[in-house]
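Here the protein sequences come in this chain order: A and B. First residue of the first sequence: 2, per the working numbering; consecutive thereafter. First residue of the second sequence: 126, per the working numbering; consecutive thereafter.
Misleading hints may appear alongside valid ones.
[To be verified] Facing chain A, according to a computed beta carbon distance under 10 Å, are these residues of chain B, among others: (1) 133; (2) 136; (3) 152; (4) 182; (5) 186; (6) 188; (7) 192; (8) 199; (9) 201; (10) 226; (11) 229; (12) 230; (13) 231; (14) 233; (15) 253.
Keep in mind that the hints were calculated from the coordinates and are not lab data. For glycine and all other residues, C-beta sits at the position ideal for the given N, C-alpha and C.
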Amino acid sequence: MLLLDIYSFSTLTSSIDESLNNVMVPWLATLTEFVLVGIVFLLFYALLGLFLVYLERKVCAVIQNRIGPNRVGKWGMFQTIADLIKLLMKELITIKNADKFLFNLAPFIVIIASFMAIAALPFAKGLQAIDLNIGIFYIIAVSSLGVVGILIAGWSSNSKYSLIGAMRSGAQIISYELSVGLSVLAIVIFSGSMQISTIVESQADGWWIFKGHLPALFAFVLYLITATAEINRGPFDLAEAESELTAGFHTEYSGIKFAFFFLAEYMNMFIVAAIATTLFLGGWMPFHIGGWEGFNQIMDYIPSIIWFFGKTFVVIYIIMWFKWTFPRLRIDQLLNLEWKYLLPLNLINTVIISFVVLLGLYFK
Amino acid sequence: MTLPLFMFYLLSAAILLFSVLTIASRKMLRSAVYLLFVLIATAGFYFLLNYQFLAGVQLTLYAGGIVVLIIFSILLTSHISHKFKRPAAWKLWMGLSVLVFGGGTTLWMLLLQPFDKDPVVKAVPVSMHLIGDQLLGLGKNGYVLPFELISVLLLAVMIAAIVVAKKESN
């Protein structure tokens, strides 16, 4: 019997698993589950991608004192769907003298990397595709593959803009990966585990950003800065700086191939925000204050999936806010910021956190 | 055929195919991309063995690190129209004979080795604490000495690279 319990999805998933195993041989059941999870993620990608683009345009409009999209549907709600239909009908331009195989391969590498990363995220209680022993390390590992797609796209387009954009973005992602890793390490030290379910469980009595004192807060701020740079978003979007490079590495792409890059970029923003939520803001755990029993019970009434998406969208809003308020950095400023300021700060913070954990100075 | 066995054959086929393509392709960046696929498939093997940490390391270090460096250097040095010439016939034959000889020896040695058909010990996920203890351990199987030695080596390489790249002052 399928029971939809909005507080815990484990009954739903295990009942699907059981009924599949009842009607078919185990390997076929596993394969069917693969396909089902894949379809769910594909749908999730399409819907969330559309919504994020709409959200970005609305947030940008609010910050710039405009109304934003308002013609297609109520409050312009179907604007991005119209845009998508337009993108799908665009001609796929093949470029003379480009390396066609790599040119066509690059969007797939970028989007597959983000697919692999999203698989390990916990969306709600019992709603996680794979819970690896090395969860967070796995996410960092697979998201480092995306840069390969960007570099290949820039080179195989055989265009100067694309190549410059790809080189910039490669240099940027490789440098900022270090800081992202170190600020994630802060929470690994606090919770003593890399498994994502354990990290979330460890925040049942308080989120790490509150429990971990100042070092955790500091790590959160560093994570937000470096993660924004890692996903090539403003103010670190010099890889595709419109005013100087037309569009950077995806200048030569059109139609659905361009849409792949665009979608991957927005989904990467979601993944980055979801990681921030999972590590620092308690994942799908409700907000609890020790001793306030009544308050905690009211908080428990809100389903975990709403907690997760609510927190994630707050982080997404902050990242969008960055983009529409700060001016773009130059490449030398960008690399200076990482290598001379953020990385040393991160290293010092990691040492401080190790001491805090060793001496037991955080709230337990 | 069980699912793990099927995955094993799939990954092996991918590794064999892309390894051959890596050396056979005449365009340099394509070779690098095929190499990336080989390395990712190897990480797939580690996942299949339930050795997730090594799989993660394989992905970050080889696929995400070394291949990116290789691609970077190709981007900086080679032009898109560049294509290697077909190798001369004698080189091809030399290479093929080395392949037959080397591959034959390896296969022969492998087939001499008795293999346990169904291993009794199943791989268990290694905890993060164990990995940390081993990486920074001084005792048996501890990795602190190699770790430090490699860092000294890397420092020397970096200083050397800076010296080489430095502009002459005149």
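For each hint, the structure was consulted:
1. 133: 13 Å, violated
2. 136: With a minimum Cβ separation of about 16 Å from chain A (threshold 10 Å), the hint on residue 136 of chain B is violated.
3. 152: 7 Å, holds
4. 182: Since the shortest Cβ distance to chain A is 8 Å, the answer is holds.
5. 186: 9 Å, holds
6. 188: 6 Å, holds
7. 192: 6 Å, holds
8. 199: Cβ of residue 199 of chain B sits 8 Å from chain A, so the hint holds.
9. 201: For residue 201 of chain B, the interface hint holds, since the closest Cβ of chain A sits about 8 Å away, which is under 10 Å.
10. 226: The hint is violated - residue 226 of chain B has no Cβ within 10 Å of chain A, the shortest such distance being about 33 Å.
11. 229: At 33 Å from the nearest chain A Cβ, residue 229 of chain B fails the 10 Å test, so the hint is violated.
12. 230: 35 Å, violated
13. 231: Hint on residue 231 of chain B: violated, closest Cβ of chain A at ~30 Å, above 10 Å.
14. 233: 35 Å, violated
15. 253: At about 5 Å, which falls below the 10 Å cut-off, the nearest Cβ of chain A leaves the hint on residue 253 of chain B intact, so it holds.
The structure fails to meet hints 1, 2, 10, 11, 12, 13 and 14 from the earlier list, while all remaining hints are met.
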